[in-house]
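**Student:** Sequence:
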Amino acid sequence: LAVLLTLTMVISIFAAVGVNTSAAELIDQMTLREKITQMMMVDFRYWDEDPTDSTPRSGLTTVNSQVSQVVEDYKFGAVILFAQNIVDTEQTLNLTKDFQAAATKNGGIPLMIAADQEGGSVYRLATGTALPGNMALGATYAVNGTKYANEAGKIIGSELNALGINTNLAPVVDVNNNPNNPVIGLRSYSDDADMVGELAAATIEGLNEYNVVGTAKHFPGHGDTATDSHYGLPLVDKSLSDLNNNELKPYNILIGKGLDMVMTAHILYPQLESDKIVSAKTGVAESLPATMSDDILTELLKNDMGFDGIIVTDAMNMAGISDKWDPVQACVVAIQAGVDMICMPTTLYDLDDLAALDAIIDGIEAAVNNGDIPMSRINDAVSRILKVKKDRGILDYNAADYTLEKANGVVGCEANREMEREISAAAVTVIKNENDTLPLKLTNTSKVLMLVPYDNERGQTIMAWNRAKQAGIIPEGAEVKYCRFSSEDINEIKTELDWADTIIVNSEVSSTSRMNGKHWLSALPINACDYAAANNKTAIVMSVDKPYDVQSYSNADAVVAVYGCKGSSVDPEEALTNGNTDSETAYGPNIIAGIEVILGTFAAQGKLPLDIPVYDKDSNVYTNTNVHERGYGLTYDAVHVCAGTLKDGTEADCENDGYKPYYE
134 LAVLLTLTMV ISIFAAVGVN TSAAELIDQM TLREKITQMM MVDFRYWDED PTDSTPRSGL
194 TTVNSQVSQV VEDYKFGAVI LFAQNIVDTE QTLNLTKDFQ AAATKNGGIP LMIAADQEGG
254 SVYRLATGTA LPGNMALGAT YAVNGTKYAN EAGKIIGSEL NALGINTNLA PVVDVNNNPN
314 NPVIGLRSYS DDADMVGELA AATIEGLNEY NVVGTAKHFP GHGDTATDSH YGLPLVDKSL
374 SDLNNNELKP YNILIGKGLD MVMTAHILYP QLESDKIVSA KTGVAESLPA TMSDDILTEL
434 LKNDMGFDGI IVTDAMNMAG ISDKWDPVQA CVVAIQAGVD MICMPTTLYD LDDLAALDAI
494 IDGIEAAVNN GDIPMSRIND AVSRILKVKK DRGILDYNAA DYTLEKANGV VGCEANREME
554 REISAAAVTV IKNENDTLPL KLTNTSKVLM LVPYDNERGQ TIMAWNRAKQ AGIIPEGAEV
614 KYCRFSSEDI NEIKTELDWA DTIIVNSEVS STSRMNGKHW LSALPINACD YAAANNKTAI
674 VMSVDKPYDV QSYSNADAVV AVYGCKGSSV DPEEALTNGN TDSETAYGPN IIAGIEVILG
734 TFAAQGKLPL DIPVYDKDSN VYTNTNVHER GYGLTYDAVH VCAGTLKDGT EADCENDGYK
794 PYYE
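FYI, in the numbering used here the residues of the sequence shown are 134 to 797.
Cross-link-like lysine-lysine pairs, in silico, PhoX-like; alpha carbons within 20 Å at most: (1) 627 with 580; (2) 627 with 614; (3) 382 with 371.
I should point out that these hints are in silico values taken from the structure, not numbers from a laboratory.
Keep in mind that this is a model prediction, so the values were computed, not measured.
Can you build the whole structure from these sequences, using the hints too?
**Tutor:** Set out below in structure tokens:
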């Protein structure tokens with residue numbers, strides 16, 4: 134009777150969502166072990182074909198015979214790719230096709246192939262379009278609404294789709310309501326929950342346009358934490374009422390629009406889940422993080438909020454789980470709690486690691502056979518996975534649809550990078566602009582010094598300068614130098630400071646420990662501004678990390694926030710000419726955009742997507758008083774030119790067209 138009821142439930146689920154009978158029959162034909170492995174998202178970040186070889190592991194960039202056999206034998210539901218797996222467009226396309234060939238051999242089910250292509254500080258496509266990240270998208274919201282979030286989703290979706298990556302473990306929908314958060318920060322759109330939900334929905338709409346699964350993470354919220362769950366177990370002591378008014382709002386918005394997948398957080402929420410279970414690893418009763426909580430995943434997310442997609446865990450090897458839980462027990466309890474797909478249940482770096490994987494599969498199978506996990510729970514999970522695979526066309530995978538010609542025409546293409554440039558510039562937020570310092574009014578004798586803390590940011594500065602020259606904004610004779618600083622001592626760059634009349638310096642401050650001169654990354658910008666003020670020079674500070682540091686530079690003539698510090702491996706002396714690069718390597722656009730707005734190539738229009746609380750230097754904390762409110766941002770027009778190349782590629786014609794901004 135139990136078996137018949139389970140089959141009836143599965144068939145009715147598929148009938149309700151429009152899946153054909155063969156898909157329902159597929160579940161009936163699967164063994165319990167195949168159902169369990171369909172619930173697994175594994176990684177092959179590294180692979181040793183010979184574990185006895187002392188040579189350091191290298192990233193898996195091709196599906197060798199060992200890995201192919203593992204995928205064929207185990208019939209996994211999903212594979213997750215990391216930067217170590219992704220080298221360039223052709224290699225990545227071949228990698229995904231080979232994974233699918235192994236998975237579908239002998240009639241196997243096609244894989245969900247996933248990557249964390251968030252944009253900004255987290256992106257995986259080495260030759261793709263990096264994008265400025267979620268907080269930058271938040272900075273475009275006040276003026277442009279959800280337009281640019283949707284464009285970002287379409288860029289990511291088009292590039293992933295072209296490479297055969299059908300699942301994006303993004304966007305982050307955590308509300309950035311804790312300035313001390315060490316892991317979310319720029320990955321969050323805003324500290325306003327409704328704005329987060331609207332921007333995330335627009336991003337996922339763009340992903341879905343290319344049949345790429347979007348994943349909202351990290352449920353029920355990782356924004357209000359001061360611990361990184363990669364390295365510890367955070368605790369958020371909030372009531373359900375508090376969460377409904379903040380962290381859960383984005384999820385309610387997304388679920389109402391048909392969200393495919395939610396990723397769990399390895400975080401304790403004691404007011405939502407008070408149960409404890411004796412850990413097989415520690416021997417004591419341990420509290421259950423959200424990933425292992427039935428009250429949070431089944432009762433709240435599935436039942437109360439009505440989520441009918443896939444619940445996938447964050448990586449199970451993160452310290453938030455692995456410090457206190459044996460992997461077998463952790464996976465069993467997570468599935469009992471309502472998890473549908475286990476992300477990275479164990480490390481798979483060589484054939485010897487299969488023993489640990491087998492132990493997890495055996496443990497789950499035993500839990501089903503002894504009744505600890507109902508078979509209906511397994512069938513429900515697999516039906517959810519297959520429903521999403523059908524809805525996004527994954528079950529209809531055809532290798533012939535994925536060609537190198539198509540991939541080369543999409544991944545990192547000119548149109549995508551041009552839109553990336555537009556989005557990034559729209560996000561740049563001017564916080565301070567004394568005496569209308571910006572946009573800079575350069576002359577043929579101007580000497581501009583650009584100071585950066587890391588070598589990989591040098592190329593960004595020169596690219597922006599050359600683009601402004603191309604647009605006709607830089608007068609003939611104006612000079613530029615770039616220089617890296619590595620300490621708070623301005624004497625190491627005094628020769629360059631004395632040469633310049635204008636200084637643009639990057640402030641890369643990620644935490645309170647680096648604020649307000651407590652660390653060389655903020656001390657040097659402060660000292661450079663002080664030196665400029667004392668020597669009749671212009672000083673501009675560009676905040677390139679979380680924007681809380683914009684309050685630190687009282688002697689700066691201007692301060693702008695760009696919400697990202699990803700650099701470029703491109704050699705500025707060789708590759709960056711006329712504002713472009715011959716390199717196909719992805720590069721961060723934020724620093725480039727900041728300088729383009731400073732120079733006036735683009736207008737200033739960004740608005741702060743979050744409040745900037747006052748930093749108390751004595752106590753080293755952010756206070757409850759704001760120095761700037763969300764929505765603040767100074768504006769100005771782009772510099773109008775009558776000579777140079779406009780955005781559409783034509784030359785500006787002063788006599789016939791008049792003066793016009795570059796971007797028109």
